[in-house]
Amino acid sequence: MYGASFGNDEDAQAVNKDGTPEQQQHFQDILDADGKVEPRDWMPEAYRQTMIRQIAQHAHSEIIGMQPEGNWITRAPSLRRKAILMAKVQDEAGHGQYLYSAMETLGMSRDEAMDLLHVGKQKYSTIFNYPALNWGDVGAIGWLVDGAAIQNQIPLCRTSYGPYSRAMIRICKEESFHQRQGFEALYVLSRGTDAQKAMAQDAINRVWWPALMMFGPPDSMSTHTEQSMAWKIKRHTNDELRQKFVDMCVPQVEVLGLTFPDPDLKWNEARGHYDFGAIDWDEMFRVVKGDGPCNKQRMDHRRRAHDEGRWVREAANAYAAKSAARQQKEAAA
Amino acid sequence: MSDEQTQGSERKDEWAIFEVFVRPRRGLSHNHVGSIHAPDAKMALKNARDLYTRRQEGVSIWVVASKDIMASSPDEKDAYFEPSADKVYRHPTFYDVPEGVQM
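Keeping their order, the protein sequence lines are chains W and L. First residue of the first sequence? That's 1 in the numbering used here, and the numbers climb one at a time after it. First residue of the second sequence? That's 1 in the numbering used here, and the numbers climb one at a time after it.
Among the hints, erroneous ones may be present.
Claimed, not checked - Just so you have them, the derived chain L footprint on chain W, three or more residues with Cβ under 8 Å:
#, region
1, 33-41
2, 91-104
3, 311-319
Said to hold, decoys possible - Distance condition first, Cα-Cα at most 27 Å in a straight line; then the derived BS3-like pairs of lysine-lysine:
#, chain 1, residue 1, chain 2, residue 2
4, W, Lys36, L, Lys46
5, W, Lys322, L, Lys77
6, W, Lys244, W, Lys123
7, W, Lys17, L, Lys46
Calculated from the structure, these hints are not laboratory results. We put the CB at the ideal spot given by N, CA and C, even for glycine.
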């Protein structure tokens, strides 16, 4: 599907970062034909760096994203819910690995990206800096957070970088159950006792606005959109995807018999879309800069997990070295 | 890859990369599905099982150390593949068959 760049002629690759006119034309031809850029094709350095930044942030989001839900595995209300949640969190780990794999074809190693995450030089989605306070949050995260992620990811299946596109196709296929299980969990709560209904409503109230922020700043404020669209990395703007998401969610929340915390949310006949209230972008930028409810907790946990897992990685290396030495000795004997 | 990036991916303690190939079912060939990090080939096989076959995607897995794969490069595309472009007579559509002849 994707993999290392097989850069066995690194000298040839490093010759000219700016590329020859032929190389530049070849790259542009690929984009114009809606083709895929593959690891060993020449690409502008800025394209490579943009791709690394985006894929790394995406991969880190999958890995950090395990935390809020992982928090509920031991407290899931039934064995069925627990099995579902474990499978989902395990998928997030897998999706992180697919994405790191895709990123590595661009010349940045997974360990390097991990280091950059741990020192705060690479980011992850702000949504995971919010806590999962009750069981209803697990449902709301699956339905709204994974729902928003899928909305973002479906057009990314057609992104111009081949390895990223193939990772997204696989992830979207696996992720379709994530959104459904969340909606189903909320549906059950919404048909339950008053307290359960209130729990579901409370979760939706807290998750709705941060979920809308997942599409990124409005087009008017987005610094990367224009270039990313020209390179066919992105296929739709943030605002287009956000609108699509709102239009999809409103009929669904009606089925639940619950509401979104937005008095301005209403159908606009002229536009053929739902209007919705102003998003608090100050809050989003605050959380991006590190001042969200759980930024510190998430990063502390990530670094701790990394440090506490070091002996496992070292032991595996030691074992591999020992096995190799033994095999050599046997072969010599 | 720039020198800087190459150094970044050659950290001493980092596990090597292996390419993973999965046979979806008997009778089909192994397909490349992605890559994996592991300290050796044996562990690569186990890690590949965990990562790439969580939903019965296959009945057999191959892993190959990425560094052992020799690949043609896009710049060599013409040298490698162009000679076959002028051999249209290798395709059945090159030949005229009288109308009414079924073959």
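Okay, the hints, checked on the actual structure:
1. Residues of the region 33-41 of chain W with a Cβ under 8 Å from some Cβ of chain L number 3, which satisfies the need for three, so the listed coverage holds.
2. Residues of the region 91-104 of chain W lying with their CB closer than 8 Å to a CB of chain L number 6, which satisfies the three-residue condition for coverage.
3. Given as covered by chain L, the region 311-319 of chain W passes the check, having 5 residues with a CB less than 8 Å from a CB of that chain where 3 are the minimum.
4. Our distance criterion of 27 Å between C-alpha atoms is broken by Lys36 of chain W and Lys46 of chain L, whose separation comes to about 31 Å.
5. Annotation: proposed proximity of Lys322 of chain W to Lys77 of chain L is violated, straight-line Cα distance about 42 Å (limit 27 Å).
6. A distance of roughly 25 Å separates the Cα atoms of Lys244 of chain W and Lys123 of chain W; the hinted pair therefore holds under the 27 Å criterion.
7. The suggested pairing of Lys17 of chain W with Lys46 of chain L is violated, with an alpha-carbon distance near 38 Å, which exceeds 27 Å.
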